[in-house]
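For reference, the chains in residue letters:
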Amino acid sequence: MEILEFAFMQRALIAALLVGLTAPVVGTFLVQRRLALIGDGMGHVALSGVALGVLTSSSPVWTALIAAVAGAVLIELMRAYGRTSGDVALAVLFYGGIAGGVVLISMSPNGTPANLNSYLFGAITTTTTSDLVVFTVLAAVVLGSVLTLAPRLFAVSNDEEYARATGMNVLALNLLLAVLTAVTVVVSMRVVGLLLISALMIVPNAVAQLTSRSFRSTMVTAVVVGILTSVLGVTASYYTNTPSGGTIVSLTIAVFLLAALTTAFRRRLGARRDRGREYHPHEHGDDCGHPTVVHGDHVDFVHDGHRHAVHGGHYDEH
Amino acid sequence: MNATGGQLTPVVRLRHASIGYGDLAVVRDLDFDLMPGEVVAVLGANGSGKSTLVRGILGLAQLQGGTLELFGIQANRFHDRARIGYVPQRHTAGSALPSTVREVVSSGRLPRLGWFHRLGATDRAAVERAVETVGLSDRMKTPVGELSGGQQRRVLIARALASEPDVLVMDEPTAGVDVSHQRSLAATLRRLADHRVTMLVVSHEIGPLVPMVTRAVVLQEGRKRYDGPLLSSMVGASDAVLEGAEHAHHPDEDHEDDVTPGWVADPRLGG
Ligand SMILES: Nc1ncnc2c1ncn2[C@@H]1O[C@H](COP(=O)(O)OP(=O)(O)OP(=O)(O)O)[C@@H](O)[C@H]1O
Ligand SMILES: [Mg+2]
Ligand SMILES: [Zn+2]
Ligand SMILES: [Zn+2]
Ligand SMILES: [Zn+2]
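If you read the sequences in order, they're chains A and S. The end of the first sequence is residue 318 by the working numbering, with every number in the run present. The end of the second sequence is residue 271 by the working numbering, with every number in the run present.
Hints listed in this document are in silico derivations from the structure and should not be mistaken for laboratory results. Nothing here was measured: the structure is a model prediction, and the numbers come from that model. Idealized CB from N, CA, C, for every residue including glycine. Take these hints with a grain of salt, some might be off.
For the chain A half of the interface with chain S, some residues (derived, Cβ under 8 angstroms), not all of them [what the hints assert, rightly or not]:
#  : residue
1  : PHE6
2  : ARG34
3  : PRO151
4  : ARG152
5  : ALA155
6  : GLY167
7  : GLN209
8  : SER212
9  : THR262
10 : ARG266
So here's chain A without its partners, still in its complex pose (with noise of 0.2 angstroms):
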């Protein structure tokens, strides 16, 4: 392949490759949590990051990591202790960072129209060699971080209360997984772009939840998913000469449509197939403890009010 030979498209390549292995494993906890947009605030609050950095001419990685960290940890704790209006909150720091964001860059001597639509919907040409010992590291941290505390992390996402009852540390467990989503925001910020890493955190599972009957292989389709259409993403960015994030969220939404409209499809034959029994499981019969009416040529069996008759395969409502 001649685009392997370009030493900026193998960069490209392999933080695609880290963008989609651990953004799909953050965002299965995170639509767990029914928390899913919360990466895209953090992609908001890392603008501002970027922009110092581009500023004051430091690295905008680390002025990203360090935004995008703050943001995360005091978004949490508005969560955990804040009142009614913790939505309000949520807003003023979310649209704060991409304002300040916009205007800083402006405000910057190189920070051109380009160099900021490269921040928020990816470049292909942008990642450095030191970009990427960067990401290796922050992305083994998520994934280690997670694969650690996985069980917990789910019980956290799936059942907060419950979870505290148990005298598990929810607010350490939410804080971490903040981090975590903060720190995948900025391991994307050069591939996918801080306006749309979101979605590859959600958006894969959005697929995944569709063919997974279990919380292990929903992550693991999430994960193949995200790997295939950010390093297809980029690949296809370089032929297409398109901004790589906006590219890998589109054919990840192409996925999801014809997973979406597959399963609609093979649900609808199953439906069909075995309507009646599917939503009444249960089989009135002589023992069953259900009191019974004598109906004309066939007996009802009354329970929760109502009276059910055996009709071939299904049940009548009499």
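With chain A held as given, fit chain S with the ligands onto it using these hints.
Chain S with the ligands only, in chain A's frame:
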């Protein structure tokens, strides 16, 4: 919970306790002891504060006044949470992403493990016993969201049993569970009770639990109105008597009897 100097330590002890949310005190000035081996039913109308009491004991609602001791230790210094099994009052156990019965029940085993420990063979066996107790062994790999409401309740009971607790705190554990499974769950709970597992049960349907209930507490508007033996007037027509309301049927209730629950599932139940 062992006898110290011939004196039993209460599993739960509340003194002049006020429990509530924010500035609102729901349960007020409550004195209550739950002794080892007791099975106490908490009764009362909707909104009388039953769940708030239970949530206060578990640290989910604020203790605004008075004292709470668990196993003789001040609640905020009590850390051995695996000794308490909790079944929250919720109708379903569904979640955003598919999670299997095994995955959900396994999360109930975590309080027995250290931060970085994973489930070992002993833990997996305990999880399997807990699922067997509620009669869902053949649904281990089923996503919880695909189960009926009553089956999901049973998953939550199994999750509480997974840590092999000394006390079970259950908020409406049988709501939405069909009569036959209520009976077999009651039988299982009775066997646990025979082996000195203490229980605090909030229930509108204490019918099948009656033989094992050793004491009843009736709440009314957050205050204790009665504390003593279960009276026949509280059973059966309990809701009508306690709430002055007729028992409503839940049309979404489950009514399966396709699974025979395992009755001997806890090692403490003996052979
Ligand atoms: N999270 C909460 N925040 C504020 N108030 C609450 C909260 N939960 C319950 N309450 C209030 O506390 C009161 C008692 O509620 P609780 O859930 O303890 O009643 P209950 O006896 O369990 O009723 P039910 O039979 O319906 O379960 C209610 O008036 C309710 O409005
Ligand atoms: Mg309640
Ligand atoms: Zn029947
Ligand atoms: Zn029916
Ligand atoms: Zn009929």
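Right, here's what the structure says about each hint:
no. : hint   : in the structure
1   : PHE6   : violated (38 angstroms)
2   : ARG34  : holds (6 angstroms)
3   : PRO151 : holds (6 angstroms)
4   : ARG152 : holds (6 angstroms)
5   : ALA155 : holds (4 angstroms)
6   : GLY167 : holds (3 angstroms)
7   : GLN209 : holds (5 angstroms)
8   : SER212 : holds (6 angstroms)
9   : THR262 : violated (17 angstroms)
10  : ARG266 : violated (15 angstroms)
In this structure, the earlier hints numbered 1, 9 and 10 are contradicted, and the remaining ones agree with it.
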